[in-house]
Each structure stands twice: as C-alpha cells, then as structure tokens.
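Enquirer: Sequence lines, in order, name chains G and B.
Numbered by the numbering used here, the letters in the first sequence go through residues 99 to 183 in order.
Numbered by the numbering used here, the letters in the second sequence go through residues 17 to 274 in order.
Rather than coming from a laboratory, the hints here were simulated on the basis of the structure.
Careful, some of the hints might be misleading.
A short list of chain B residues far from chain G (calculated; beta carbon distances all over 10 Å) [as the list claims (entries may be wrong)]:
1) 39
2) 58
3) 75
4) 104
5) 115
6) 150
7) 152
8) 170
9) 245
10) 253
11) 256
12) 260
Which residues of chain B face chain G? A few of them, derived with a C-beta cut under 10 Å, are [to be verified]:
13) 77
14) 258
15) 266
Please read all numbers here as calculations on a predicted model, not as lab measurements.
Beta carbons: idealized from backbone N, C-alpha and C, even for Gly.
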Amino acid sequence: MKHTRPDELDELFAQARVLTVQDDAAAEQAVQAWRRSRRRVWPARLLLTTAVAAVIGGLLLIQQDQPLPTSAAYDVYRQASGGSW
Amino acid sequence: MKRFVLSLMVFGGLTAGFAHDARPFVQHLRDGERFQLHGEVESSVYFPPRAEPTRRQRDFPRVEFVPWLLERNFEVREAGVERIAGRQAVKYDLTPRHQGASHWRVWIDAQWNVPLAIEERTPQGEVVRRAAYQSIQGAPRRRLRGAAPRVNDDTFRRAVGDALPGLKLPEAFEPVGYRVSELGTELMFSDGVNVVALVIAPRAVRAGPGIASRRVGRHHVWLVGNLPDAQLSTALAGVRDVHFEPLGAFVPQQDRSR
C-alpha cells in the first residue's frame, strides 16, 4: 500500500479548495433542484389553506341557516313582558 | 213609570261605579311603579317554560301594565280582601273583553298601594304565572329609576303598520315598544296587561308553544306570546313585506337592564 507524504496531502487539499467550472455547474444544479422543490411545496400549501377556508366558510353558512332555539324567542318575550320572572 | 226610570238610573249608576274600578286600580299600579318592597317572593312560571317552574327570589316580577289600554280592554272588579305575607291586600280581577287572552288577578297592599301578589291564568283557568310575597321586611322604598314608558303614539302605530303590512294581531293589541338587539328588531304589543313580542330577524327560530314564525322575503318574522297558537299564526299569515324605513324615524328604547 502506497502512503501519501504530508506535502502531497497539502497539495491535494489546496487543489480541492480551488473552484472549477465543474464545481460551479454542480452548485447551480443543486440550487435549481432546491428551487424546484420549493415551487412544488407552495401550491400545495396554498391549496390546503384554500380548502380549509372553504370548509370553515361552508360550515358557517350552514350554521346561519339553522333556526335559533326556542329560548331565543322566549328571552325576547320575558324582556317584553316585564322581566324578573 | 217614574219609579222605573229612577231604578234604572240607580242601577246604571251602580254598574258604572263597578266599571270605574279601573281608575283607582290604575292609580295603584302607578304608585307601585315608584316604590319597591324588600322581602322574599315565590314565583311560578309555566309560560314561557323554564327549568324550575317555582322558585324563591328577592325581586317582585314586573308586569308591563299599559293604563290606557287596560281601561279600554279589561273589566276590572274589586274582589274582596285577603292576607298576603301577613298584610291586608285588596284583590282585583282583570277580565279581558277579547277572546283568547289571559285573565289576571292582582293583590294590592291596602295601606301601601303596592302589589303584593299577581297571577295570570288562561281563559280555561290554568295558572300561567304567579308571584306572591312570602315575607316583607320594612316599609316600601322609592325607586330611583323608573320603568321604560310604554309608547302611546299614533305616528308610531302607523309606522308599525307600514313596516309590516298585513300584520293582523287581535284588535286589542297595539304597539307600545321598540328596541333593537343582537337578534334583530323587536316590537312589543300590549292589550293593557298581556304582551306579544314580534321580532324581525335574519334567522328563523324553532317552533314551540306560544311561538309562530315565518319567512318574509329575506327576513324571518317571529311572534311570541301567551295566545292560542292559531291566533299567533293567523296574525303573521298576511304579512306581505318588511320595511325598516318607517321605524327609522324612531330611536329604539334602551334596554332597561343597562
């Protein structure tokens, strides 16, 4: 097994720190891939938020159509007929 | 012949005297409005229904008497003296001249002129509400705040008719109050003692005893009162529309509790 001398290691590390065209291309690919993944997440979140809002809105609308309990009418009568009964 | 005519005049005078019992009674009610007793009251209420029909309380319940309508729509007769909470009380019977409405009995303290007991019964004789002092402490005290006055105003009556064309309450009932709440616009009608409440609301209300309601355009109109359900339904059946503009000329009465 060949052993690398310390001065050869230093040269290797120095070479690794120098950015090449291939390094730029790889970095650009990684960024593009990350951006593509973010674009996929945003529509999903927007869709989910819209769906939740629609459900809540629908429930509120259904509740509005529900008649009030008889106690609402009787409370009005109690107030009108004198109170403290 | 002269003797006959004289007898008729005397008889007429006697009966006229009984019919005039309404005025002293109305004066007692006005006196009672200004004073309050301190004691324990037992009240029983069967309409509107409540969880505990009978309970003890400190305050004597209010009844919204409307003097000019009471004199017009009720026979008032003095019906003897009884003891209530250890005090002498004159009993008055109030009998409506119109069909379907409740009869009332009021016991007025013979010395202080304030109500000691009150009772509402259906035309069939069933108790609807009853309240009576069980004990009284001290003398009557003066109220600092009066009741909200009942409206006696032709312009207001016409405005209510314009706001709800086709509304047909029994003739004895007239609009005497108006307020706006979170439920909607509320109108109070009275025959002098009995009350019917009308609500113009954005939402319907469930059916129940003493409740009639129907949709009129975008609104729901409710009628609540101790009248036969058929009478309540008939009153609303002809309502053609709801107009708020005629009522806009009036300031709603404040909630008495504020």
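Enquirer: Indicate, hint by hint, whether the structure satisfies it.
Expert: Cross-check of the supplied hints:
At the 10 Å boundary, the C-beta of residue 39 of chain B stays outside the reach of chain G, the nearest C-beta of that chain being 22 Å off. For residue 58 of chain B, the shortest C-beta to C-beta distance to chain G comes to about 12 Å, beyond the 10 Å cut-off, and the non-interface label holds. A Cβ of chain G approaches the Cβ of residue 75 of chain B within 10 Å, the least distance being about 5 Å, so the stated non-interface status is violated. Listed as outside the interface, residue 104 of chain B is consistent with that label: its C-beta sits roughly 24 Å from the nearest C-beta of chain G, beyond the 10 Å cut-off.
The non-interface label for residue 115 of chain B is consistent with chain G: the shortest C-beta to C-beta separation is roughly 20 Å, beyond 10 Å. In this structure residue 150 of chain B is separated from chain G by more than 10 Å, as the shortest Cβ-Cβ distance comes to about 16 Å. For residue 152 of chain B, the condition that its CB be more than 10 Å from all CB atoms of chain G holds, with the nearest at approximately 17 Å. Residue placement check: residue 170 of chain B keeps its beta carbon more than 10 Å from all beta carbons of chain G (closest about 21 Å).
No Cβ of chain G comes within 10 Å of the Cβ of residue 245 of chain B; the nearest lies about 13 Å off, and the non-interface call holds. Non-interface status of residue 253 of chain B relative to chain G is upheld: no Cβ of that chain comes within 10 Å, the nearest being about 18 Å off. With a minimum CB-CB distance of about 22 Å to chain G, residue 256 of chain B clears the 10 Å threshold, and the non-interface call stands. For residue 260 of chain B, the condition that its CB be more than 10 Å from all CB atoms of chain G holds, with the nearest at approximately 18 Å.
Proximity of residue 77 of chain B to chain G holds as hinted, the smallest CB-CB distance being about 4 Å (cut-off 10 Å). The interface hint given for residue 258 of chain B is violated, since its Cβ lies 17 Å from the closest Cβ of chain G, which is over the 10 Å cut-off. At its closest, the beta carbon of residue 266 of chain B sits 17 Å from a beta carbon of chain G; the interface hint therefore is violated under the 10 Å criterion.
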